[in-house]
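Given only the sequences and the hints, what does the whole structure look like? Please build it.
The listed protein sequences derive, respectively, from chains W and X. In terms of the numbering used here, the first sequence is residues 1 to 445. In terms of the numbering used here, the second sequence is residues 1 to 445.
Please note: incorrect hints may appear among the correct ones.
Pairs involving identical chains hold if they fit within one copy or between any two copies, as the list cannot separate such chains.
As the list claims (entries may be wrong) - Quick list of in silico lysine-lysine cross-link-like pairs, BS3-like style, CA-CA up to 25 Å:
1) K139 x K180
2) K75 x K50
3) K180 x K192
4) K150 x K187
Calculated from the structure, these hints are not laboratory results.
There are 2 protein chains.
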Amino acid sequence: MKEEILELIEKQRFNDLREYLEKINSADFPSLFEEIEEEKILIIYRILSKEKAAKVFAELEPDVQEKLINYFTDKELKNVLDELFFDDTVDLIEEMPANVVKRILRNVDVKDRKIINELLAYPDDSAGTIMTTEFIDLKENMTVEDAFEKIRKIGLEKETVYTCYVLTIDRKVIGVIDVKQLLIANKEEKIKNIMNTNVKTISTLTDKEDVAKMFDKYNFIAMPVVDMENRLVGIITIDDAIDVLQEEAEEDFEKMAAVTPSDESYFKTTVFKHAKNRIVWLIFLMLASILTGNVISMYENAFSALPILVAFVPLLMGTGGNCGAQTSTLVIRGFSQDEIKLKDFLKVWWKEVRVAILVGTTLALINAIRIFIQYDIGQTKLAVVVGLTLIIVAMLAKSLGCILPMLAKKLKLDPAIMASPLITTIVDTCSVLVYFNLAVLILGV
Amino acid sequence: MKEEILELIEKQRFNDLREYLEKINSADFPSLFEEIEEEKILIIYRILSKEKAAKVFAELEPDVQEKLINYFTDKELKNVLDELFFDDTVDLIEEMPANVVKRILRNVDVKDRKIINELLAYPDDSAGTIMTTEFIDLKENMTVEDAFEKIRKIGLEKETVYTCYVLTIDRKVIGVIDVKQLLIANKEEKIKNIMNTNVKTISTLTDKEDVAKMFDKYNFIAMPVVDMENRLVGIITIDDAIDVLQEEAEEDFEKMAAVTPSDESYFKTTVFKHAKNRIVWLIFLMLASILTGNVISMYENAFSALPILVAFVPLLMGTGGNCGAQTSTLVIRGFSQDEIKLKDFLKVWWKEVRVAILVGTTLALINAIRIFIQYDIGQTKLAVVVGLTLIIVAMLAKSLGCILPMLAKKLKLDPAIMASPLITTIVDTCSVLVYFNLAVLILGV
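Written out as structure tokens, the structure is:
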């Protein structure tokens, strides 16, 4: 691809170039632009048709968009903005620095600017921020023929034409109809007779994560967004819903690894920003782990008398952490999949306790065998101490692994912050406590 | 919802019940069925229209589907199977026990059975397993009018009618056209003049995860699946692509928490199965952590002489583990988002090293302050030992956090297995080694 393009530019065969570029999917341009130098990018971009140019622009990374805008004449910028869907324009404005935003707003039509400002006003993460105000609206007394007329007239500028919404005069949603249904219906048929009156709507203030889940559940291509008076103000299309699903999963991955989530890509984030995203949790967890250390110090006499005791601390801490991580991850994901609910608390906990007994006992036995192999057979008591600790720690870790995320949920916090790193640290302290107490008790050190 | 339905059943107002049920979205039935007893479920199900019944059936959990099938007469079963899309039938067959599968295959038409067997033959996780063989195919010499004729005739049974594929006589894909384009085109226009000839196709053997990524990238509603001879054999629709994206993310979450991934839901998985999914990693990691213990034992003299040394082991192990978890998670997700590639190795590693130096030093300073507060000022050397260890461990952990997943990728293994649990265990050993060596060196114990 790249080669052909560069060659066509070389030979100044711009008509062939344009033809060639029009065939390339707009989603393939970002990776293409990464590989070629800026002035060539500009040449390519300026050769594209108005529509294609806008499609391509919407796909680009913010930093590339900014570069292009700075090259653009006001006329070029206006062309792009006219073609962009409102939700893409809003995304753009949210990413650009103030001076660029000023230029953008100066170059959109007055009526568009009004809509854009409304969209910008919605709270973060609300449905309003990902919706587009472009949709096909029909009236219930239209015939199928009229409907097709309208779609043909304004269809192409709309992000999706396949789901049409039937509105009253005061723009309340009373029905929804798919083009599929229109296609098989009789041309003279009235819309009101074939529309589906049971419409699932989204409020502008609904959390976009819940919106994404509805798309996942109902397999819609688009969903209508209504204001407080149930008036249709926009639609959300499935491609935006997918992006939200992806973002939310990434955020959970980062939170669960004790990283402060950020939208920027790994490489676009500076070393300093990376450090900033990670240091907070590291400090907190480090300070927390001091407690474990102090507990160990309390048993100085024990391990001074029997130094081998210390050798099992990593094993116990590690196992406890892993048991907790397994449970907390399953519970946290269970929440975000709406599979586990708060009312299931006892069900989950009881399940985890039984799992803990199974795995704890297995680990204890394996470890006992290993102790007999590594040290002489006289270590029965030691094997008992470590084994018992393993079982208790497994139960403790798995209990905390389900209790803490549930607690966070109850307190309206994000359960993901209760993931392995935090639980590991808490479990560490407990395991050391249990371990040395059993040691003192059974080994009498 | 539940109350109304139960009441209508109570009063045997079955016509009203049917009307009421038809209005409910099929995706809402699974949760409804969970709340009411079986014979009522059967009553409700049998009242549904043929089409609705099939839609609802496709949404149900395998265990409910199995129960229903066991209640079904062969005629009822046949009705459902006739209405189901092929990809749903295949999903069903893959979930059901052998005896039910026999009954299913006995009740599908001969020609359908042939198709189903073909679909079942595709390798796991391949595009073939999630595609449906129902699509709209056009010929290039058809007019737009003809195209609409065809869509009207066969449209409703097709899972999506909005993307049509233009085939040669030997079923090779030469073009794709959206209903949107057909709607605005002139009725007499020939398809070949308006179709898009640059078609992105998927091979039946493509990994379904790659398929899902293409949907995410190109925002298609449907994509064509072709065999080795580039003949169209089916299409994949966006709803199936979303499910794959979700599944893959969940699998990563489980792998990264040292849990063997499983498709079953948390509650549907037995305690024993849960234990089985978790024990393998727990045993492996426990055995690995023995090494750390043995290393500690090697320095028995050191901590017998200066017991306070032991108090810092949890802090160092914990911090190392957390640093490693942060990096490995970012790298693993970077891979699955195609944002980080193998060739970026040095770029990533160099970035992580600098981040490590920043966070390591910060942690070292904070910890030094804390040592001076907790113990008397004489502990400068101790603060130096712990501080240096923290910095080195941070660098080690973040290096391993990017090297190991990269290595796994290079070896064509799943990078997700190189997540925090494994890295933590490896880092533990290193940190203890570094720590006690520095202690011996600087504190001369």
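Check your understanding: How do K139 and K180 come out at 25 Å by Cα distance, when the copy is not named: within, between, both, or neither?
Key -> Both: 18 Å inside a chain and 20 Å across chains, each within 25 Å.
**Study point:** Within, between, both or neither: K75, K50 at alpha-carbon 25 Å
**Key:** within (12 Å within a copy, 57 Å between copies)
Exercise for review: Using 25 Å as the alpha carbon limit, work out where K180 and K192 are close: within a copy, between copies, both or neither.
Suggested key: both (16 Å within a copy, 23 Å between copies)
Check your understanding: For the identical chains here, do K150 and K187 meet the 25 Å Cα criterion within one copy, between copies, both, or neither?
Key -> both (14 Å within a copy, 16 Å between copies)
Violated hints for the displayed structure: none, as all numbered hints are satisfied.
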